[in-house]
Structures are given as C-alpha cells and as structure tokens.
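Q: What follows is the residue order along each chain.
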Amino acid sequence: MSERRIILKTPGLTMRFGGLTAVDNFDIEVQEGRIVGLIGPNGAGKTTCFNMITGFYIPSEGNIFFYDEEITGLSTHKVCAKGIARTFQNIRLFYNETVLQNVMIGAHLRQKSSWWQAPLNMPSFLREEKEVKDRAMFLLEKVGLADLAGEQANSLPYGEQRRLEIARALATQPKFLLLDEPAAGMNPQESWELMHFIQKTRDDFGLTILLIEHDMKVVMGVCEHIWVLDYGKLIAEGPPEEIQANPKVIEAYLGEEYLENA
Amino acid sequence: MMGNRMRNNTLTLLAVVGLAAFLWWADGNFDGYKIQIMNLIAINAILAVSLNLIYGFTGMFSLGHAGFMCVGAYVSSLLILPSSQKQAIYILEPLIAPLQTAHAPFVVAVLLGGLVAAIFGLIIALPVLRLGGDYLGIATLGFGEIIRVFANNLVPITNGALGLKGIPDYANLWWNYGFMLFTFYFIFRIVNSNFGNALKAIRDDEVAAKAMGINTYKYRVTSFTIGAFFAGIGGALLASLLTTIDPKMFLFIMTFQVLMIVVAGGLGSITGSLIGAVVITILLEWLRFVENPITLGSFEIPGIPGMRMVIFSLSLVLIILFRREGLMGMRELSWDSLFRRFSKRGEAE
Amino acid sequence: MFVQHSLNALTLGSLYALIAIGYTMVYGILRLINFAHGDVFMLGAYFIFYAGALLHLPWIVGVVLAIVVTALCGITVERAAYRPLRDAPRISVLISSIGVSFFIENLAIVVFTGVPKPVVRPSWLVSIIKFHGVRILPLTIVVPLICLGLVAGLLFIVYKTKPGLAMRAISKDIETTRLMGVSVNKIISLTFGIGSALAAASGIMWALRYPQIQPLMGLIPGLKAFIAAVVGGIGSIQGAVIGGMLLGFVEIMIVAFFPALSGYKDAFAFILLIVILLLKPTGLMGEKIEEKV
Numbered sequence: 582m583s584e585r586r587i588i589l590k591t592p593g594l595t596m597r598f599g600g601l602t603a604v605d606n607f608d609i610e611v612q613e614g615r616i617v618g619l620i621g622p623n624g625a626g627k628t629t630c631f632n633m634i635t636g637f638y639i640p641s642e643g644n645i646f647f648y649d650e651e652i653t654g655l656s657t658h659k660v661c662a663k664g665i666a667r668t669f670q671n672i673r674l675f676y677n678e679t680v681l682q683n684v685m686i687g688a689h690l691r692q693k694s695s696w697w698q699a700p701l702n703m704p705s706f707l708r709e710e711k712e713v714k715d716r717a718m719f720l721l722e723k724v725g726l727a728d729l730a731g732e733q734a735n736s737l738p739y740g741e742q743r744r745l746e747i748a749r750a751l752a753t754q755p756k757f758l759l760l761d762e763p764a765a766g767m768n769p770q771e772s773w774e775l776m777h778f779i780q781k782t783r784d785d786f787g788l789t790i791l792l793i794e795h796d797m798k799v800v801m802g803v804c805e806h807i808w809v810l811d812y813g814k815l816i817a818e819g820p821p822e823e824i825q826a827n828p829k830v831i832e833a834y835l836g837e838e839y840l841e842n843a
Numbered sequence: 530m531m532g533n534r535m536r537n538n539t540l541t542l543l544a545v546v547g548l549a550a551f552l553w554w555a556d557g558n559f560d561g562y563k564i565q566i567m568n569l570i571a572i573n574a575i576l577a578v579s580l581n582l583i584y585g586f587t588g589m590f591s592l593g594h595a596g597f598m599c600v601g602a603y604v605s606s607l608l609i610l611p612s613s614q615k616q617a618i619y620i621l622e623p624l625i626a627p628l629q630t631a632h633a634p635f636v637v638a639v640l641l642g643g644l645v646a647a648i649f650g651l652i653i654a655l656p657v658l659r660l661g662g663d664y665l666g667i668a669t670l671g672f673g674e675i676i677r678v679f680a681n682n683l684v685p686i687t688n689g690a691l692g693l694k695g696i697p698d699y700a701n702l703w704w705n706y707g708f709m710l711f712t713f714y715f716i717f718r719i720v721n722s723n724f725g726n727a728l729k730a731i732r733d734d735e736v737a738a739k740a741m742g743i744n745t746y747k748y749r750v751t752s753f754t755i756g757a758f759f760a761g762i763g764g765a766l767l768a769s770l771l772t773t774i775d776p777k778m779f780l781f782i783m784t785f786q787v788l789m790i791v792v793a794g795g796l797g798s799i800t801g802s803l804i805g806a807v808v809i810t811i812l813l814e815w816l817r818f819v820e821n822p823i824t825l826g827s828f829e830i831p832g833i834p835g836m837r838m839v840i841f842s843l844s845l846v847l848i849i850l851f852r853r854e855g856l857m858g859m860r861e862l863s864w865d866s867l868f869r870r871f872s873k874r875g876e877a878e
Numbered sequence: 026m027f028v029q030h031s032l033n034a035l036t037l038g039s040l041y042a043l044i045a046i047g048y049t050m051v052y053g054i055l056r057l058i059n060f061a062h063g064d065v066f067m068l069g070a071y072f073i074f075y076a077g078a079l080l081h082l083p084w085i086v087g088v089v090l091a092i093v094v095t096a097l098c099g100i101t102v103e104r105a106a107y108r109p110l111r112d113a114p115r116i117s118v119l120i121s122s123i124g125v126s127f128f129i130e131n132l133a134i135v136v137f138t139g140v141p142k143p144v145v146r147p148s149w150l151v152s153i154i155k156f157h158g159v160r161i162l163p164l165t166i167v168v169p170l171i172c173l174g175l176v177a178g179l180l181f182i183v184y185k186t187k188p189g190l191a192m193r194a195i196s197k198d199i200e201t202t203r204l205m206g207v208s209v210n211k212i213i214s215l216t217f218g219i220g221s222a223l224a225a226a227s228g229i230m231w232a233l234r235y236p237q238i239q240p241l242m243g244l245i246p247g248l249k250a251f252i253a254a255v256v257g258g259i260g261s262i263q264g265a266v267i268g269g270m271l272l273g274f275v276e277i278m279i280v281a282f283f284p285a286l287s288g289y290k291d292a293f294a295f296i297l298l299i300v301i302l303l304l305k306p307t308g309l310m311g312e313k314i315e316e317k318v
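As they're listed, the protein sequences go chains A, B and C. Position one of the first sequence corresponds to residue 582 (this note's numbering), numbered consecutively onward. Position one of the second sequence corresponds to residue 530 (this note's numbering), numbered consecutively onward. Position one of the third sequence corresponds to residue 26 (this note's numbering), numbered consecutively onward.
The set of hints was computed from the structure by calculation and includes no laboratory data. Errors might be hidden in some of the hints.
To be verified - Only pairs whose alpha carbons sit at most 20 angstroms apart, straight line, appear in this in silico PhoX-like list of lysine-lysine:
#1 Lys747(B) with Lys693(A)
#2 Lys723(A) with Lys781(A)
#3 Lys197(C) with Lys185(C)
#4 Lys693(A) with Lys711(A)
#5 Lys781(A) with Lys756(A)
#6 Lys714(A) with Lys693(A)
#7 Lys659(A) with Lys747(B)
#8 Lys814(A) with Lys590(A)
#9 Lys723(A) with Lys711(A)
#10 Lys777(B) with Lys290(C)
#11 Lys659(A) with Lys693(A)
#12 Lys663(A) with Lys747(B)
What the hints assert, rightly or not - Covered stretches of chain A, as calculated for chain B (at least 3 residues, CB under 8 angstroms):
#13 668-682
#14 701-715
Given the structure is predicted, the values throughout are model-derived calculations rather than measurements. Just so you know, even glycine gets a beta-carbon here, dropped at the ideal spot from N, CA and C.
Turn these sequences into a full structure, and let the hints guide you.
A: Laid out in structure tokens, this is it:
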C-alpha cells in the first residue's frame, strides 16, 4: 500500500456554545482518497463538526489542517475555494433556479472573468460562460440528471434533489467532499444505488469523501474507516467490522438501528 | 438552439427599432402631457430595474433608493446648469467655487451622477451589508434620510431647502429611452450571466451560496453599488425632466413608489420592472380623475384631493396580500415564452 | 440651563420610548418591523383632537377614548394586513406594513386634511412655572412620570401575568407556544393593542407638547422610535426605553451645545443607528439570534 497523504487533520477540535460543549476534542486524521464515515446518535454533534471544518463555526479550541495548511477560522467561502465542498442535512438547493443553474453556480467559484465583462460581451467572457455550462451539463450527466437540466430545482423529487446537491458540490472542483446524510429519506433500492454512486464519484473525480450517515448499510458498505461520535466525544474509530462489534458503539445506538439494518 | 438565439436577437433588435419609430411618431403627434407620461415611464423603469437588481435578484431589502436618486440628481444638475442660473438661484449662500463653473455635456453629467451615486452606494454598502435582512432595510432607509438631511443643510453645495430651479430640460424621449435601453441591456447581461446566477443564489440561500465558495459579502456590495449607479442615473434624468429639484422630493416616499413598481411588476423579473413601470405610471396618472370632479349625468361627484395616493397605497397592500409575486413573478417575458404560447394555441387542446 | 435641557430630553426620550416599546414588542413576537406604528401614534393625536373639538368630551374621557380607539386600529391593521401573511416570506409582511403606513397617512390627509390642527390643552399642564431659575411646563414633568407608570405597568403585565408569559414564549418559539395550547392570535392581538395604546399615549402627550398636529407627524418620530428600539436591543422592552431616552438626550443635547447643527437634528437618530449597528448590532441590551445551518 502506497503511503497516503493526510488530507484532513483536526487536533483538539472543540466547539462550545455558552456553557454547552457540543463537540469535545474531535481529533481525526483522514487519508487522501478514502471514503470515510462519521456516525453517532442524533444530536451527537456530527453536523457541528462539519460546520467547523467548512468554516461556518469558529472552533472554540483546536485546529483544522487541510493538506498541512491550517484553515481554522477561515470563512466558509474561502474553505470552499481551498477545495472542501459539502452538502446539507436538510437539502439546501437554490430552489428558484433551474437544475442546470444550480450546478453552474457551483462552478462559478472557479470562473476567472468579472461581472463587467458581461455587458461588454467580451469573447473571453463568453467563452468561459460556455465552458461553465458545458461542465455543468457534464456533471449532470454523471449524476443522471441531464434531461432535467431546464427544470426548476424545487420540482425535483427528493432523491434527485440530493443528487443535484452533490453535482453542485462537485462543480466547485473539490478535493474533499463532505456529505451530510446523503441517504436520508431513501428507500433500500435508492440507498444501494447511492453507495455505488459515492464510490464511482470518488473514483471518477479523485476525491476524498467524508460522510455523516444514519443508514448503517450504506456506512458499513462504503466506508473504509469510521468515527463514532456520542454526546460530542469520539467513542470509537476503525474499519467497519471493528465498529460493528464495538460494544460502546452498540450501546450508544441502543443497538436497535444497527440490528435493523445489519 | 442556435437558430433560436439568432431569431431572438433579431426580434429584440426589431423591437428596439420599433420603439424608436414609435418615439419618433410620438414626438410629433402626442401632446405634452402624454409625452411627459412616456418620459416618466422610462425613468421609472430605470429606477425599478435598478432596485430590482438589488432586491429582486440579490435579495437585499434596500430602502435607500431615494438617497441615490438625490445624489445623482444634484450632481448631474449642477453640471448642466448654466453658471448664470447657478448664481441666480443660490441666494442664501453662493455655490462653492469649483461647482460654480463646473460644466459637462448632458450624457457625461448623467453618467457622473450615476458614478457619484455608486460611490455613495459603495461607502454605504461596505459597513451596512455586514447586517442582514431587517436591519438592512432600516439601515439603508437611515442612510437615504441622512443624505436627504445633508442635502437640506449643505446650503453652499445644494442650496438647501430651496433646491435647484431652471435645470435645462435635456431629458427628452430620446435621452430617457436611450438610457433606459442602456440600463436594461446592462442589467440583463449581468443577471443572465453566471455572476447573475450567483446573485440569485445569494438571494435564495446565502448559507448554501457561501458553502459553494461565493464571497457573498463582496457580491452583495457589488450588486448594491451597480443598483445605486443606475438609481443615480434615474435621479439625474428625473431632475432634468422636472427642471426643479429639492430635498423634499427625495423623502422615503419616493423609495416607496419605486418599491411599489418593482413589487407590482415582479421581484426578480427584468421585463416585470418594465411592465410594472408602464402600468404603475399610467395608473398613477389615470387615478388623478378621482381628484377631479366627475360628472355622471346630472350628478357631480366632487373630487377628493389626495385620494389618488390612498388608492395607490391600498393597491400595494392588496397586491401583497393576494398576488405577492406581482405581474410576472420571477418569470421573464421572452420571445421563447411568447412563441410557446402561440404554438400551444395552434395545437388541439 | 442644563437642568432645563435634561428635563426636555427626559420628556422627548419618554415620548420616543413609548413608541419604541410598540415596535420592539411586535418585532419580538413576529419579527416584523411595523412601519405603520408611527402612524398609529399620529392617530392617537388626532383622536384626542376630535374628542375635544367634535365631541366636546371632558378631557380625561377623551384621552381614554382616544387610546382605546387607537388600540383598536392597531389590532385591526394586524388582523387585516399582517395575519394573512403570517406564513408568507417575511419580506411580504414588511412591504405590507409599508403599504399600510402609506395608506393611513394618505387617508389621514384626505379625511383630516393636511392643514395642521390645534389640540386643546388643559391649562394647568401648559402654564409655565418657574423653579430655581428653570422655566418649564408642568407637562415636562408629567410626561416622564406617566411614561414611567406605563412602563412599570407593562413590565408587570409581561413578567407577572399569564398573557405576558405567553408573549415571552411566543417571542422565543411561536410554534411550540401554539402547540402548548396558547391562543397565539389572541396574544398577538393583545400585543398590538398594548403597543398601539402606548403609541397613542405618546401621540397625545406629543400633541400637548407640540400642539399643531398634521397627518405626517408620525413619520419621522416613528422612524426615530424604531431606531431607538434597535439601539436599545430589538425585542427588549427595557432596551426600547433605554434607546428612547438615549435618543432624546442625544437630540436635545447636541442641539443645545451645537446650535449650528440643529438642521441636522433628524439625521442624529440615523447616525446613532448606523454606529450601533456597526459596533453592537444586537443593540445595547439585545440577544443574538443564531441561524441554524
């Protein structure tokens, strides 16, 4: 096995809201190119970790390193520019725009032209706009939404909205993709397809993927390494087989969800 | 698709030529009153679409538009007023020296009015756009009022409450509609680019926009400044059309009227702003009839002064209550949509 | 001299504070900036005028009537123009309130005419008394006292009664409060009623202080009072009072010590607003409202 770079390091990462410690020493190291998972009961602090990594919250303690570069406290849009993209637990699409526009907005980050070139109709501007459109269509094809390109985002069924959100995140050309409960609301058939979709996406785009998920079939099926969070603290980490057998993990979940989905 | 684009562009060009022909005809055949209304329509359209950029497309509830109009109006007027007239109207205190002799051709004066308004917009935007939502409305309203109060008090610059009179009436149909086309083209190109998509993203969900790498603060400042620029142009043209201005014209009520047009036409629709300007301007003029006595057979219903604005404001409330998307919502009246409509009619339903 | 200015500032501050309370209460429960609130203030002044000039009622009866009728107006506005938009995007209610404000102003111009009307003032309130070299109207002392009384009464209602508890609950979480069986609509109407009543009281006292009333008299004081509410921390009654007092003092004192700036009086409020929004956006006593990601 070749030596993999560490794409994300979060020594001592802690988040406090007033007197409440939401996340306590979330210390992880993610290897480049892997698909990894963050699980835990509801309210454990998983999305808070995402929010810290992506710059929505400034951590109370600790640091975040992205490929050895410190990004702690960077504002959200700068974090995205560095190469970290995310989806949201409650899908946050741009509902008044079309499917294609949503993905194009994701691609806007990497555009070089400026707004004033638009009224001047400069050829370099027009060329770049076309490239953005083509790239967005390419991504839509990859997620299987190409024929819905002109539809309004809020007219899409739930599962397709999730795929659109992922396509939009991919448009920012990330190196690291954070998916917040991508399988939420999916039936077994859909989550099975999602598993393969995640793997294919990682392979096609050379990404590292970290996902928060409650659907254990998906987590165990697709993640190479898992961290478990309970009441803000890491209680276990390891490959799926170890996590499945870990009594602390089972206890945290009260076993039920795991038993159902195993 | 390619064929469609060529067709659309040709149609738009034909429409512009048609407009020019109509203006040429109107110039010769309409009476002064009708021409004034047409002029107001063009200026209101400019004001509406500039506010729409800020509010309808970028989601910033700005209530300071009157302030930018005020700046544009004064800057442009001071540059086109002949020096002799300036001396005549500044009776309290003389106009400060550099402005006394400053002069510029009309088109330059209007553009400079817009530019200075944009600078004001930028200065205001930088601190204020760190606030969100409701606070933004009040803060921009506050700045609009501050500008007005300063205009009222800086007598050696603005002539205070007396205002400016005898402003040359260069703003005829051609200038007004010319600037209107320029404004609409400019804003249309911006809104339809991916930059415009980013603005709409900020409007739809600022959190998600940030997560997609968009520096929402920078984009909002930019959009606000561009909107202020065109508000300044609108103000400059209005000043030349009315030939007199004073700070009382630029009370918050002025912003409200522009807001009304934007809402009625459709927040987030460029063609909506144009249609809204036509409808509201004509409506406001038409409503004057309630202020004059009406004779029905042998009865005379007395006119009620001020009723016009009562009906106007009531209409806004009714629009918001029953059809808040206005006439167009976020849709645009485009050639494609027109063709789709007519081809549907041809098919069997 | 300073004493005189301070008393004037206290009076003006009280008048602003009473209006500001209405803004802050409505914003606290509905997150709405009620642009029409300033016009409710104006209505209070006009109703006392008509109570005296048209109905020839004894003064105290007129005051009570004016306050009650104005409160009813406030409640009606909420029912007609805001409640239907409860589930609409926030901006729709804002625009509706702007429209209502404009409507009330223009209706007032039509019905009352724009000619300023003189309000009858009880002579004991407006005969100048001299006290240690200070010349003031009894009104100047009465106004802050009444304001104090009204605020005390309000705080009692808000903190010591069930409806007040419901108001506080709604301002934290309207859905949960509704689920707990509270008649949210009634409480909201009550809030608007109280806020409008206080604004009416302010309008009446304002009319006594500055007896020429006109339909647009609520525009600028209304805006300033809202600014006072924001400065003090929107959503906080104590903040509204503090903000109102602060604004009153700033206005009076700056004009007192820099008379050349008196033309800019109206801009002070807005400048104060900008300063506060930049330094401490939640206001002097406000709380931060986090957005959940």
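Q: Hints first: check each against the structure and report whether it holds.
A: Comparing the hints with the structure gives:
no.: 1; hint: Lys747(B) with Lys693(A); verdict: holds (15 angstroms)
no.: 2; hint: Lys723(A) with Lys781(A); verdict: holds (10 angstroms)
no.: 3; hint: Lys197(C) with Lys185(C); verdict: holds (17 angstroms)
no.: 4; hint: Lys693(A) with Lys711(A); verdict: holds (13 angstroms)
no.: 5; hint: Lys781(A) with Lys756(A); verdict: holds (15 angstroms)
no.: 6; hint: Lys714(A) with Lys693(A); verdict: holds (14 angstroms)
no.: 7; hint: Lys659(A) with Lys747(B); verdict: holds (12 angstroms)
no.: 8; hint: Lys814(A) with Lys590(A); verdict: holds (16 angstroms)
no.: 9; hint: Lys723(A) with Lys711(A); verdict: holds (18 angstroms)
no.: 10; hint: Lys777(B) with Lys290(C); verdict: holds (16 angstroms)
no.: 11; hint: Lys659(A) with Lys693(A); verdict: holds (16 angstroms)
no.: 12; hint: Lys663(A) with Lys747(B); verdict: holds (18 angstroms)
no.: 13; hint: 668-682; verdict: holds (count 8)
no.: 14; hint: 701-715; verdict: holds (count 4)
Going through the hint list in order, the structure satisfies each hint without exception.
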